[in-house]
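Heads up: the sequence lines are chains A and B, in that order.
The first sequence begins at 609 in the numbering used here and counts up by one.
The second sequence begins at 609 in the numbering used here and counts up by one.
Treat the hints with care, as some may be off.
Which copy is meant is left open, so a pair is good if it fits within one copy or across any two.
Stated by the list, open to error - With a cut-off of at most 30 Å between alpha-carbon atoms, the simulated DSBU-like pairs for lysine-lysine come out as follows: (1) K696 <-> K668; (2) K668 <-> K804; (3) K804 <-> K696.
Everything labelled a hint here was simulated from the structure, so no lab data went into it.
Take a look at the letters that make up each chain.
Protein chains: 2
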Amino acid sequence: MSRPSLDYWFTMGSTYNYLTAMRIQGAATAAGVEVVYRPVRNVAALTGAQSLPFIDGTTKYRYMWRDIERRALSRNLPLRLPVTYPSKATLLANKVAQVATAEGWAGIFLRAAYPLWFAEGKPNGTEGNLRAALIMCGHDFDRVLALANAPETQASLDAATDAARALGVFGSPTFAIGPELFWGDDHLEDAIAWAKTGRLAR
Amino acid sequence: MSRPSLDYWFTMGSTYNYLTAMRIQGAATAAGVEVVYRPVRNVAALTGAQSLPFIDGTTKYRYMWRDIERRALSRNLPLRLPVTYPSKATLLANKVAQVATAEGWAGIFLRAAYPLWFAEGKPNGTEGNLRAALIMCGHDFDRVLALANAPETQASLDAATDAARALGVFGSPTFAIGPELFWGDDHLEDAIAWAKTGRLAR
Chain A
609 MSRPSLDYWF TMGSTYNYLT AMRIQGAATA AGVEVVYRPV RNVAALTGAQ
659 SLPFIDGTTK YRYMWRDIER RALSRNLPLR LPVTYPSKAT LLANKVAQVA
709 TAEGWAGIFL RAAYPLWFAE GKPNGTEGNL RAALIMCGHD FDRVLALANA
759 PETQASLDAA TDAARALGVF GSPTFAIGPE LFWGDDHLED AIAWAKTGRL
809 AR
Chain B
609 MSRPSLDYWF TMGSTYNYLT AMRIQGAATA AGVEVVYRPV RNVAALTGAQ
659 SLPFIDGTTK YRYMWRDIER RALSRNLPLR LPVTYPSKAT LLANKVAQVA
709 TAEGWAGIFL RAAYPLWFAE GKPNGTEGNL RAALIMCGHD FDRVLALANA
759 PETQASLDAA TDAARALGVF GSPTFAIGPE LFWGDDHLED AIAWAKTGRL
809 AR
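Bound conformation, chain A alone (with noise of 0.2 Å):
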């Protein structure tokens, strides 16, 4: 019998993304189940849409942050506010994500980058964030960032923000098990438990 998993779809850009990022692996490995890294390029690229996800100066834009902040305390995460969004190298971040999945230290990655953009004022990308989280993780910048950099990186992506969108993926984080998809941090337990037995917990 296999073990059960699921594909984590994440953009290196997304706000919510830092809540799932810090506990995902933690919780799957917990309940027995594989997590399948899938960055792909960004919400953008999924839906069309001409804007971001959210504008800043909009009452949905204040309401995130304030979501944001109440989840980090009761998760004990740092966060410093404000935080700088959007990240402009949020492509570049990606692609270092997906080398990260094709050699098997994505979640490490995640849980390093996000906490220099969110706490530390480094934005997921950008070269002060890259050169820290990577030494966090243990990989030489220099060769990591000739990787990203390389076409095959950015092919990988491609193909990978296409299956996203041919699966119905439109936002980040997204859960999928098989057809069946789960929006947000908020999901990532019934996630977990539709992977274990197909059906919601309760």
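Let chain A serve as the given structure and place chain B on it in line with the hints.
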């Protein structure tokens, strides 16, 4: 010491509000939290959006129905897909909810009306829905409709909508404890915990 309470902002046109309507009174009562029902006109009146929150034919639309289906199943809630959406009679449904709120029977009105929409093919606010729901509520159709169509009811609904917008409410359902907003059925437990303790549960 006053009993903890939360404001439950909603519109009868909201799909996810089905999940909340069926459980909020029971969950809040069990936790010793009072529910203050606050119907609003519709989501567009809150956000200024020109389009519905969910558009037929999009991946997000398909996801929304599957998400509701899975949760309805896990909660033993009746559901017969496809559900007619949007209901063209949402305004009248919200006016009746406003009357029910003023008279203290909003909880049972929501629990009667929503299953008639989601399982019996009678969208909220249509005559078939209101006739059947008001019988379940033990109230006279003609009396309630006369009140619902009175200018005072429209004025109350408009005032509530303005208050919600001023608070930063942008979707339905939203739970508010003072300035703290919790958006979506998924966050009902967080809102109840916040009403009681001023923090999230974990």
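Given a CA cutoff of 30 Å, do K804 and K696 count as a within-copy pair, a between-copy pair, both, or neither?
neither (37 Å within a copy, 40 Å between copies)
Between copies, within a copy, both or neither: which fits K668 and K804 at Cα up to 30 Å?
between (34 Å within a copy, 25 Å between copies)
Treating 30 Å as the Cα threshold, decide for K696 and K668: within, between, both or neither.
both (21 Å within a copy, 26 Å between copies)
Hint compliance for this structure: hint 3 alone is broken.
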